[in-house]
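Student: With the sequences and hints as input, model every part of the structure.
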Amino acid sequence: MSEALYVQLLDLAGGALLLTAVVILWRRKLTAIVRVFAVQGFALSLLVAVLAAHENDPTLGGIAVGLLVLRAGVLPWLLRRALAAAGEEQHETRPLVNVAASLLAAAVLVLIAYAVSQPLVELFPSAASTAIPVGMAVVLIGFFALVTRRHALSQLVGFLLMDNGITAVGFLATTGVAFVVELGISLDVLMAVLVLYVLASRMREAFGTTDLDDLRELHD
Amino acid sequence: MNDVILLVPVLAPLAGAVVYVAFGWRPATSWAAAVSAALVLASGAVLAADVLQHGARTGLFGLVRVDALAAFMLVVVGAVALLAAGATPSWLRGEIAAGRAEPRTATRHSLLVQLFLAAMAWAVMAANVGMVWVSIEATTIVTAFLVGQRRSRAAVEAAWKYVVICSTGIAVALLGILLLDAAASHVPGHVGLDWVELVSAAPHLDPGVTRIAVALMVVGFGTKAGLAPLHSWLPDAHGQAPAPVSALMSGVLLAVAFSVVLRVKAISDAALGLGFARTLLVAIALATLAVSASLMIRQRDYKRMLAYSSMEHLGIIAFGAAAGGPLATAAVLLHVLGHGLVKGVLFLGAGQILHATGSSRIDAVRDLVGRVPVLAGCVGVGVLALIGFPPFSVFASELGIVRAGFGAGLGWATALALVLVLVIAAALVVHTSRMLFARPGAAAEPADEPSAASPTSPDSPGLPAAPDSPASPASPGLTTSPASPTAEPALPRRRAAMPLLLGLLACSALGVTAGPLAAVLDAAAQSLTGAP
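Heads up: the protein sequence lines correspond to chains A and B, in order.
For the first sequence, the working numbering begins at 359 and goes up steadily by one.
For the second sequence, the working numbering begins at 316 and goes up steadily by one.
Think of the hints as simulated: they come from the structure by calculation, not from any bench.
Quick caveat, the model's predicted, so the values are computed rather than measured.
Derived, one-sided and incomplete: chain B residues facing chain A with beta-carbon distance under 7 Å:
{"id": "1", "residue": "Ile456"}
{"id": "2", "residue": "Ala459"}
{"id": "3", "residue": "Arg468"}
{"id": "4", "residue": "Ala469"}
{"id": "5", "residue": "Glu472"}
{"id": "6", "residue": "Trp475"}
{"id": "7", "residue": "Ser482"}
{"id": "8", "residue": "Ala486"}
{"id": "9", "residue": "Leu493"}
{"id": "10", "residue": "Asp496"}
{"id": "11", "residue": "Ser500"}
{"id": "12", "residue": "Val524"}
{"id": "13", "residue": "Asp551"}
Some chain B residues close to chain A (C-beta under 7 Å, calculated; not the full set):
{"id": "14", "residue": "Val449"}
{"id": "15", "residue": "Glu452"}
{"id": "16", "residue": "Val471"}
{"id": "17", "residue": "Ala474"}
{"id": "18", "residue": "Val478"}
{"id": "19", "residue": "Leu489"}
{"id": "20", "residue": "Leu490"}
{"id": "21", "residue": "Asp521"}
{"id": "22", "residue": "Gly523"}
Per the computed footprint, the stretches of chain A lying under chain B, defined by three or more beta-carbons under 8 Å from a beta-carbon of chain B, are:
{"id": "23", "segment": "474–486"}
{"id": "24", "segment": "493–507"}
{"id": "25", "segment": "547–554"}
Heads up, the beta-carbon is just placed ideally off N, CA and C, and yes, glycines get one too.
Tutor: Okay, structure coming up:
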């Protein structure tokens, strides 16, 4: 692959990552959010695949395929199933911060991400490392979604956004951690989501809804 | 000696898990948990002796490395697990008798506890930061179902918060690990994510990237250790989890997560100097103490009260780690063990109080001394041990940490921490003495008891632990019914206090002399601080 094409594809994948993160913050319909999340999983695996092609690394290519299956296939499928079980309450009704303010916050978070990642970019200037701030921005936006959303499934999506961002930073900043570790990380993410999925259905049993506003039993 | 001993701490709990899968929970298998915990403890002791003689051991194709800190943490894990395992059978029988659990729940409970122990042992011994991360996240997944075991609204809510907040914290730690890896990959020579390689390469790491990585890892693993700012899962999870699980989480989970923070600090000290990690940990410790103090004062639930006290002690431990130096680090490690034992005793005692009274509210528990003297004695002495009375080891370790704090030039911060600790101790004593001694209407008619409590208690039917069955035998049962039914619950209760007494004894023995552990503590402290 030529250098110019490599950089363009890298920028495309990075741009798609960031754009999907912002769109998730913007949309309120949960089915749409899950669809955008699947697109982001695709963008993430594209990013890793581009890196793999550039470095001629078949293991990295394998990881890209694994990521595609997990992040664009299995996880969105699980989320859709949880949504179907949840029935009609498919809207993020009252986020703690409204949509316009959320988008403004996302802009600020992107700026922060660029500022924070400076030492990383300076450490080894390359086409891949200049995309690190994008991954950081996705992490921050995910965290923001996690703390401001009130629907159990939106929180779950926020957590997964963070995870996508972290994975992106990991592959952009290093040539990838050890394969065993990567496998363990992916398994753990899958398990955590399964656990939350089970808990969400128990919550529906106990509360009749997965709106976390109703979680008011425990406080001081 | 070969590698087999390195496998015991992980394989023993896994074998315990297999036993519970195969045979279920029944009287014959109820002590398998104690056996596996004892094996973890014994292998920790053997490994500690071996490390002192021959230095750190690496094994299993380099996946496992046991140094003095790892051996000591295995001892902590084994000791607290043994304490909890000793009290679990009678606790489970009580739950089943009260109709809150079935034998199937007991089987699942025992199975998950064994998996939890295996993951903790692996986290302590893993040579690679990535593997440590994987096993700590695995404990989140395993314990989530233990926290939500009761399936009540409150339990499900606590489990949800626990998984979301801990997974988020641990994801933050993962980002830190990846950045550290990026920094390490630019050091000449192949430096992976191995603890030893990272420490030896630390002076050459890029300071800018390492600073971000260390901050993220301290906050991330600190989440799992119950430290601010992502601490809010702790009181909910500890309050809702079954008593033996609360004991394990407080004594093992928090301690193991903090031991990871200690290792990160060793890297940070070598790469960035003492100042960075110190400032970060002092800020985190003071914030944790402040949160704990403010919420302890008006606490109404005794399990949550104990949970906030766990936060306090982790704050003290973080403060000691911030002071640094071999002496402070040894005191920190001693505090980890002493706190694990005492808090284990108190959570197990709280579980028995819950069985005796049917409520976890402080208001609902009165005159324990008169009703269950042995249990009340254990809880009272345990609280005294917790706030740092001699001869218990918490006294010795807190003294060491305070002295190190003043010695390290953290005078104002230490003074502030001391004030907060005093406030917490006062609140703890006031709440506990109300539970132990307060008599509604002094020596009045015993029939007064329910009526005196009635203005507050009957309007809380939604409380998780208040199906009517366990509440009724407690107060009216003791006074009105004939002698035979009252003697029956009292008998196992006395036997159930045995593990509590043993735990307190162990902690006071530790306070008088650390014995052979002293050498392990010194070796661990020296390896962490880089002192000769």
